[in-house]
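K.L.:
Each chain, letter by letter, is given below.
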Amino acid sequence: MTAKRKIYIAAMRALMYLSAALTAGLVLFMIIYVMAKGIPNITWELLSSEPSYLTEKIGILPDILNTVYIVIATLIIVIPLGVGAAIYLTEYARNKKIVAAIEYASETLSGIPSVIYGLVGLLFFCQFMSFGRSLIAGALTLVIMNLPTVMRTTQESLKTVPQSYREGAFGLGAGKWRVILTVVLPGCVDGVITGCILSIGRILGESAALLFTAGFAHSLNGFFEGLTSSGSTLTVALYFYAKEQGEFEVAFAIAAILMVLTLIINFAAEAVSRYFEKRRAL
Amino acid sequence: MKKLKNPTEKIIEGIFLILGLITVGFVLLITVYLIISGIPAIREIGLFDFLFGKTWDYSKNLYGILPFILTSIYGTAGAIILGVPVGFLTAVYLAKIASPRVKFFMETAVSLLAGIPSVVYGLVGMIVLVPAIREVFDLPDGSSLFAAIIVLAVMILPSIIKVSMTALEAVPKEYEDASLALGATPIETYFKVSVPAAKSGIAAAVVLGVGRAIGEAMAIIMVSGNAPNMPELFGSVRFLTTAVASEMNYATDGSLHQQALFSVALVLFLFIMLINAALNFFLKREKED
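Protein sequences appear in the order of chains Y and D.
For the first sequence, the working numbering begins at 1 and goes up steadily by one.
For the second sequence, the working numbering begins at 1 and goes up steadily by one.
Since the hints were derived computationally from the structure, they do not count as laboratory data.
Check the hints yourself; a few may be wrong.
To be verified - Derived lysine-lysine pairs resembling DSS-like cross-links, with alpha carbons at most 25 Å apart:
1) Lys-10(D) / Lys-96(Y)
2) Lys-192(D) / Lys-159(Y)
3) Lys-173(D) / Lys-192(D)
4) Lys-60(D) / Lys-192(D)
5) Lys-287(D) / Lys-6(Y)
6) Lys-6(Y) / Lys-284(D)
7) Lys-96(D) / Lys-4(Y)
Please read all numbers here as calculations on a predicted model, not as lab measurements.
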């Protein structure tokens with residue numbers, strides 16, 4: 001072997017290990033640094049109160065509740081839409097042009113940056129539909145963002161429903177709708193659960209789209225009252241405390257909470273996909 | 001014998017068709033809204049002055065977005081230059097060399113990196129990276145294009161690693177076996193046989209990274225200083241995305257200022273559509289290979 005070849009091999013090997021180590025190091029650094037800076041600042045008071053100008057104390061309970069409300073509202077709307085669209089594509093669609101248009105549209109939606117969603121959400125939901133800056137306007141914007149995800153995961157789970165089940169049901173005289181209700185819909189469950197987990201992750205991390213549509217108030221509201229009023233989610237609150245107010249302790253506390261939630265969601269997605277794979281193999 | 005459809009079935013099919021077409025409706029809604037709201041300001045300012053004007057100052061009614069366009073291009077290019085080699089080499093390692101255990105851990109780590117909210121990257125960038133840049137390069141302020149490039153490079157890593165890995169894993173084993181049998185070492189085989197065979201997929205990974213980088217707003221708004229200057233590596237800069245994000249909440253409804261921000265978004269949207277078209281091209285070619 002020539003010296004040149006040996007050097008090439010050694011250099012490539014070294015670069016590869018270096019890159020992999022750098023990637024792993026970055027992940028470890030992000031987790032450890034955020035946790036170390038954030039966890040000491042998480043106090044019961046922070047989690048259980050609302051911010052007050054009088055006492056100059058910061059509490060993130062309203063932001064936690066707003067996050068929960070927006071997740072619930074988004075999922076309630078996006079799941080029927082996504083499942084319906086997936087059922088249309090796998091069970092009904094015969095026209096190839098319509099299928100291609102729908103698939104192209106869903107790919108386009110997943111490539112659009114969240115600032116643009118925020119802007120269109122502001123124009124359409126807040127101004128045109130006159131919802132104003134409110135959690136519901138934010139949730140509707142997030143519905144558009146998450147629709148491709150729910151559609152794709154549902155479609156994937158529908159592909160695993162054996163054709164023979166459908167034929168069996170048709171053979172017993174069931175109509176199309178009956179077949180969908182009894183055979184196809186139960187097959188969606190895997191996809192819907194995976195879609196929910198992925199959407200929750202995306203909603204938790206979203207900030208730009210919500211900044212223009214849901215606003216950034218920190219008042220404590222019930223669910224329905226909350227939906228119609230402006231409110232910030234945890235990520236938006238993090239941005240404001242860090243960028244506009246210089247409250248880095250609070251920002252890191254929120255960052256640590258978001259990091260833990262991200263970890264949970266990742267493992268949940270992993271566990272769910274493995275569980276379904278195992279069940280399918282049976 | 002053709003089965004007769006009862007009216008209920010027809011109605012239900014219609015409902016599903018509508019649900020299916022909702023995505024198309026959303027894309028049209030976004031496109032139409034952006035065009036309608038983006039055109040008036042461009043008309044008023046003039047296309048040339050808008051795209052190539054070097055000053056953005058709404059108090060003087062000057063709306064030139066060349067600084068934003070160039071910053072977005074430089075920022076994305078910088079992130080690609082830093083992020084792609086690291087991501088690509090990591091992907092080769094994970095797809096070809098790593099033991100199943102290492103691979104499992106790394107894949108989990110990479111998905112985690114993808115799941116971290118962008119504001120968290122922004123926060124860490126603000127507290128760790130910006131002061132570090134100020135110290136190392138002896139600057140009055142570390143918030144700069146350079147800081148944004150590093151944050152973007154980290155943020156595009158997961159997409160690049162995942163898409164390249166999928167492409168590398170799809171390379172037929174026979175290609176590699178043939179190369180090994182001819183006397184090439186494993187490393188030579190990976191880089192001289194597997195990588196060229198997976199080149200469409202790797203190109204798709206790079207294009208996806210470009211899309212992510214050009215669309216990111218919140219992480220870089222926190223580290224880039226946000227002054228509408230012409231881009232300098234160590235200067236405070238503003239991107240297309242951060243221009244929209246930082247002023248949208250302050251612009252008066254219906255003002256030329258607000259309309260100009262819509263036009264900025266329209267320019268950003270056109271960039272994204274171009275990138276999407278490129279991505280589709282490479283993905284299609286990978287499928288054909």
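K.L.:
Hints first: check each against the structure and report whether it holds.
P.N.:
Each hint, compared with the structure:
no. : hint                    : in the structure
1   : Lys-10(D) / Lys-96(Y)   : 20 Å, holds
2   : Lys-192(D) / Lys-159(Y) : 37 Å, violated
3   : Lys-173(D) / Lys-192(D) : 14 Å, holds
4   : Lys-60(D) / Lys-192(D)  : 57 Å, violated
5   : Lys-287(D) / Lys-6(Y)   : 35 Å, violated
6   : Lys-6(Y) / Lys-284(D)   : 37 Å, violated
7   : Lys-96(D) / Lys-4(Y)    : 23 Å, holds
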